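Each chain, written out:
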Amino acid sequence: MKAKAWNPYIAGSLTGVLLILSVLVAGQYFGASTTFARTAAKLEAAVGVDTSRMAYFTDKGGKYGPESLPNWQALFVVGIALGGLAASLASGTFKIQRVPPMWAARFGDRPFWRNLTAFAGGTLLIFGARMAGGCPSGHGLSGLAQLAVSGFVALAFFFAGGWVSAKLLYRD
Amino acid sequence: MNLIYGLTTGILFGILLQRAEVLRYDRQVGALRLMDMTIFKFMLCAIVVATCGIYFLKSLGMVSLSLKATSLGAQIVGGTVFGIGWGLLGYCPGTAGGALGEGRLDAAWGLAGMVAGGALYAALYPLVKATVIPIGQLGKISLPQLTGLSPWIVIVVFAALCLAMFRFFESKGI
Chain A
206 MKAKAWNPYI
216 AGSLTGVLLI
226 LSVLVAGQYF
236 GASTTFARTA
246 AKLEAAVGVD
256 TSRMAYFTDK
266 GGKYGPESLP
276 NWQALFVVGI
286 ALGGLAASLA
296 SGTFKIQRVP
306 PMWAARFGDR
316 PFWRNLTAFA
326 GGTLLIFGAR
336 MAGGCPSGHG
346 LSGLAQLAVS
356 GFVALAFFFA
366 GGWVSAKLLY
376 RD
Chain B
2 MNLIYGLTTG
12 ILFGILLQRA
22 EVLRYDRQVG
32 ALRLMDMTIF
42 KFMLCAIVVA
52 TCGIYFLKSL
62 GMVSLSLKAT
72 SLGAQIVGGT
82 VFGIGWGLLG
92 YCPGTAGGAL
102 GEGRLDAAWG
112 LAGMVAGGAL
122 YAALYPLVKA
132 TVIPIGQLGK
142 ISLPQLTGLS
152 PWIVIVVFAA
162 LCLAMFRFFE
172 SKGI
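Chains as they are written, first to last, in our numbering: chain A, 206 to 377; chain B, 2 to 175.
Everything labelled a hint here was simulated from the structure, so no lab data went into it.
Some hints here could point you the wrong way.
As the list claims (entries may be wrong) - DEER-style ranges, computed between Cβ atoms:
#1 B:I136 x A:K372: 21 to 29 Å
#2 B:N3 x A:I301: 27 to 35 Å
#3 A:K268 x B:G140: 12 to 20 Å
#4 A:D264 x B:G174: 44 to 52 Å
#5 B:F57 x A:P275: 18 to 26 Å
#6 A:L373 x B:L66: 47 to 55 Å
#7 B:G140 x A:K300: 28 to 36 Å
#8 B:G140 x A:L226: 27 to 35 Å
#9 A:E272 x B:A70: 41 to 49 Å
#10 B:M2 x A:K209: 16 to 24 Å
#11 A:I215 x B:A131: 13 to 21 Å
#12 A:V230 x B:I154: 27 to 35 Å
Claimed, not checked - In silico negatives: residues of chain A with every beta carbon more than 10 Å from chain B:
#13 S227
#14 G232
#15 D255
#16 K268
#17 G288
#18 S296
#19 G343
None of these values were measured; they are calculated from a predicted model.
Note that the Cβ used here is the ideal one computed from N, Cα and C, for glycine as well.
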């Protein structure tokens, strides 16, 4: 049987408590996007690219270089996937789905275009997040929780860009 | 130990995201289309609770802030590019893994795209660093520092704005 969804106000508030505990106990604010840049560094180094000649991977003492993994954030990102798997199995909401319902209603249920769009979207999204210095976790949750000016500006433009792109994709 | 903390925190966050149905494409794109505000409710509640706790613990000297530097160029241009990608993918860097965890296979293509995006950014970084990032640099600054107001005034105003939004969402049934 499928369990009912949790109230987003309560689940969100518990997430706030989790962030406080993480900062208090481990000294870590939530974030996700640098893990993907670091994974790229790791893969490039593995196939023989000389990452020591790339400024992004050597700046700030190699903060984003191939040697920066594994770290707290990489395990955090892996943990989210495991948590999603465990919670969906336990609640009966795990479902193998190739194409999301909203996409299928607009573009049909062929996975090819959906997967291509997802790949292109993922590429743009991390490119933008690394330029902005964070994603909705780093700038949104952690940035706003600290009342950071960078967080307010970034989150506003995340939604502005997303609104435009969803509007174009789902125009009448 | 740090790795164990990261994994544990991620698992708990993943459970909360999954059970509130925040991982789903339809919820994320639903928010961008202003049809379903579930992710706004989740995110804003997390922020209000966390900001109270963090500023309280900071006043006791028990935690310190880790502000990201403000560059209006970086956050406006980068933020917009991120948003366009977000609308196409329908998952964000934190939630895509969780979406794959609950069986959404398209998220795997998004994750692969994200690694490609990281490589692309690293390749173009010298150009971005010379052009976009220097625009409008304000440093590592918070809204209370910028405005000269007490953080608690900023928090109360922010929380009141969130409550007003929640009342509006509920009145519209979105």
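Quick rundown of the hints versus the structure:
For I136 of chain B and K372 of chain A, the Cβ-Cβ distance of about 26 Å falls inside the hinted range of 21 to 29 Å, so the restraint holds. Taking the beta carbon of each, N3 of chain B and I301 of chain A are about 34 Å apart, inside 27 to 35 Å as hinted. A hinted range of 12 to 20 Å holds for the C-beta pair K268 of chain A and G140 of chain B, which are about 19 Å apart. For the pair D264 of chain A and G174 of chain B, the supplied restraint of 44 to 52 Å holds, since their beta-carbon distance comes to about 48 Å.
Our hint of 18 to 26 Å for F57 of chain B and P275 of chain A is violated, since their Cβ atoms are close to 32 Å apart. Distance hint check: the CB atoms of L373 of chain A and L66 of chain B are about 37 Å apart, inconsistent with the given range 47 to 55 Å. In this structure the supplied range 28 to 36 Å is violated for G140 of chain B paired with K300 of chain A, their Cβ-Cβ distance being about 46 Å. Look at G140 of chain B against L226 of chain A: about 29 Å separates their beta carbons, and that is inside 27 to 35 Å.
Checked against the hint of 41 to 49 Å, the C-beta distance between E272 of chain A and A70 of chain B comes to roughly 23 Å, which is inconsistent with it. In this structure the hint that M2 of chain B and K209 of chain A lie 16 to 24 Å apart at CB is violated, the actual value being about 36 Å. About 46 Å separates the C-beta atoms of I215 of chain A and A131 of chain B, a value inconsistent with the hinted range of 13 to 21 Å. Checked against the given bound of 27 to 35 Å, the beta carbons of V230 of chain A and I154 of chain B, roughly 29 Å apart, stay inside it.
Interface exclusion of S227 of chain A from chain B breaks down, the closest Cβ pair being 5 Å apart, not more than 10 Å. Not every CB of chain B is more than 10 Å from the CB of G232 of chain A (nearest about 8 Å), against its label as outside the interface. Residue-level check passed: D255 of chain A sits 12 Å from the nearest beta carbon of chain B, beyond 10 Å. At the 10 Å boundary, the C-beta of K268 of chain A stays outside the reach of chain B, the nearest C-beta of that chain being 12 Å off.
Distance check for G288 of chain A against chain B: the nearest CB is about 2 Å away, which does not clear 10 Å, and the non-interface claim fails. Look at S296 of chain A: its CB is around 7 Å from the nearest CB on chain B, not clear of 10 Å, so calling it non-interface is violated. For G343 of chain A, the non-interface assignment is contradicted: its Cβ lies about 7 Å from the closest Cβ of chain B, within the 10 Å cut-off.
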